[in-house]
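Once you have looked at the hints, place chain B on chain A.
Chains as they are written, first to last, in the working numbering: chain A, 1 to 62; chain B, 1 to 151.
Worth double-checking, as some hints may not be accurate.
Below, computed lysine to aspartate or glutamate pairings styled on DMTMM-like, alpha-carbon distance capped at 20 Å [said to hold, decoys possible]:
| # | chain 1 | residue 1 | chain 2 | residue 2 |
| --- | --- | --- | --- | --- |
| 1 | A | Lys-47 | B | Glu-90 |
| 2 | A | Lys-2 | A | Glu-57 |
| 3 | A | Lys-47 | A | Asp-18 |
| 4 | A | Lys-2 | B | Glu-90 |
| 5 | B | Lys-98 | A | Glu-11 |
| 6 | A | Lys-22 | A | Asp-39 |
| 7 | A | Lys-47 | B | Asp-89 |
| 8 | A | Lys-47 | A | Glu-57 |
| 9 | A | Lys-47 | A | Glu-34 |
| 10 | A | Lys-47 | B | Asp-133 |
| 11 | A | Lys-2 | A | Asp-62 |
| 12 | A | Lys-22 | B | Glu-87 |
| 13 | A | Lys-2 | A | Glu-34 |
| 14 | A | Lys-47 | A | Asp-21 |
| 15 | A | Lys-22 | B | Glu-90 |
| 16 | A | Lys-22 | A | Glu-34 |
| 17 | A | Lys-47 | A | Glu-11 |
| 18 | A | Lys-47 | A | Asp-62 |
| 19 | A | Lys-22 | A | Glu-11 |
| 20 | A | Lys-2 | A | Asp-39 |
| 21 | B | Lys-98 | B | Asp-133 |
| 22 | A | Lys-22 | B | Asp-89 |
| 23 | B | Lys-98 | B | Glu-87 |
Derived from the structure by calculation, the hints contain no laboratory data.
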Amino acid sequence: MKNRLRMLRAERSWSQADLADKLGVSRQSINAIETGRFDPSLPLAFKLARLFHLPIESIFSD
Amino acid sequence: MLLCNKNLTPLQRRSVQRMGAALLLTVVTNLSTPSLPNPFRDLIPGLSQLANSHAHSSALFVAVLSALSVLPVLLAVWVAARYLAAEPDEFIRALVVKALLWGFAVTMAGNAVAGVLMNIYSRPFPLSLLSADLFFASSLIAFRILQWSYQ
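Okay, chain A solo, but in the shape it has when bound (with noise of 0.2 Å):
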């Protein structure tokens, strides 16, 4: 699964770090879930979404 994380974290200026705490996860998870090594669960892809004020289809695509 393709995101687009790392660009809409760029746009804020957030690191990763900044991002993994806003969520509460860990940064390796940021990391993971930005190469597209790791899909994250749904309920986690609905923080990001609410985080960023967008869609979850809009940050993650197939």
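The following block gives chain B in isolation, referenced to the frame of chain A:
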């Protein structure tokens, strides 16, 4: 220590300590190897006497004695289950499950090798100790390697 550094969360540190306790309990409950230090036997002279004469003990006593060895296994499973239930980070949870599977695989492989060696040389070996050590060490190493691969 490389494997138990300061990057561990309090939950992870607590779980590693509990796993360590399970490892120690494996030594304590390994009553079949008289040469190993064992507080059960050392502190309770009666138990020591009975443990050293398995052949003359009742079947019930031997059953109870061997059932004691299940304690560290149950403790280790309980620690892993508690940790997985409490870990809030789903990615770390996935890594831990992978690491535990690696630990399980290495333990099974180690047991298979030890079994063949015991048969060839007709010598008993404290398999529960080997399994506990292998499982604990290989799971920790696998977790660190997996974590490192996602840096």
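The hints, checked one at a time:
1. A:Lys-47 with B:Glu-90: 13 Å, holds
2. A:Lys-2 with A:Glu-57: Status holds; Cα separation ~11 Å.
3. A:Lys-47 with A:Asp-18: Given that 20 Å is the threshold and the Cα spacing comes to 14 Å, the pair holds.
4. A:Lys-2 with B:Glu-90: Roughly 19 Å separates the two Cα atoms, so the pair holds.
5. B:Lys-98 with A:Glu-11: 34 Å, violated
6. A:Lys-22 with A:Asp-39: 18 Å, holds
7. A:Lys-47 with B:Asp-89: 13 Å, holds
8. A:Lys-47 with A:Glu-57: Given that 20 Å is the threshold and the Cα spacing comes to 13 Å, the pair holds.
9. A:Lys-47 with A:Glu-34: 15 Å, holds
10. A:Lys-47 with B:Asp-133: Violated. Lys-47 of chain A to Asp-133 of chain B sits at ~40 Å, over the 20 Å cutoff.
11. A:Lys-2 with A:Asp-62: Judged against 20 Å, a Cα distance of about 6 Å means the pair holds.
12. A:Lys-22 with B:Glu-87: Roughly 17 Å separates the two Cα atoms, so the pair holds.
13. A:Lys-2 with A:Glu-34: 8 Å, holds
14. A:Lys-47 with A:Asp-21: 12 Å, holds
15. A:Lys-22 with B:Glu-90: Distance of about 15 Å is within 20 Å: holds.
16. A:Lys-22 with A:Glu-34: Answer holds: Lys-22 of chain A to Glu-34 of chain A is near 16 Å, not above 20 Å.
17. A:Lys-47 with A:Glu-11: With Cα atoms ~18 Å apart, Lys-47 of chain A and Glu-11 of chain A stay inside 20 Å; holds.
18. A:Lys-47 with A:Asp-62: Holds - the C-alpha atoms of Asp-62 of chain A and Lys-47 of chain A are around 19 Å apart, at most 20 Å.
19. A:Lys-22 with A:Glu-11: 16 Å, holds
20. A:Lys-2 with A:Asp-39: Holds, at about 9 Å.
21. B:Lys-98 with B:Asp-133: Cα-Cα ~18 Å, so holds.
22. A:Lys-22 with B:Asp-89: Holds, at about 13 Å.
23. B:Lys-98 with B:Glu-87: It holds: about 15 Å lies between the C-alpha atoms, which stays within 20 Å.
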